[in-house]
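Trainee: According to our numbering, the stretch in the sequence shown is residues 13 to 117, in order.
In short, the hints are calculated from the structure, not lab data.
One or more of the hints may lead you astray.
Estimated spans, in silico, between C-beta atoms of each pair [unchecked claim]:
1. I93 to K18: 51 to 57 Å
2. T27 to G74: 31 to 37 Å
3. M26 to N76: 46 to 52 Å
Just so it is clear, CB atoms sit at the ideal spot from N, CA and C, and this is done for glycine as well.
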Amino acid sequence: MKENKKTSRIPVRMTTDEMADIRGRANELGISMSSFMRKAALNQRIIIKTDKEMIRQIHYLGNNINQIARQLNTYSDGLIIADAYKQMEEYKEVLQNMLANISKK
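Generate coordinates for the entire structure from the input sequences, incorporating the hints supplied.
Mentor: Below is the structure:
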């Protein structure tokens, strides 16, 4: 099995402001500067460490959606379906707001 040990280095010159900006971006994403620069240079996707509160909210929404689906499968009353649709629209708005907040970072 090939070992992915990182042994090569590339000296890079930059201003103090550029260094601070790179360090700040890496810190915001929860990754090392080396990892940030490698991924940016190689045009790789940077996956951020997700906020625990956001994960909790997504689990909450998922549980509610499952409960709504269970109700719809149990009852076929038009009022229940209309209420479920309203709740789903509210959840959709919450998720869109969460995604907008993530995109700002």
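Trainee: Taking the hints in turn, state whether each one holds.
Mentor: Quick rundown of the hints versus the structure:
| no. | hint | result |
| --- | --- | --- |
| 1 | I93 to K18: 51 to 57 Å | holds (56 Å) |
| 2 | T27 to G74: 31 to 37 Å | violated (46 Å) |
| 3 | M26 to N76: 46 to 52 Å | holds (48 Å) |
Going down the numbered hints, you'll see the structure goes against just number 2.
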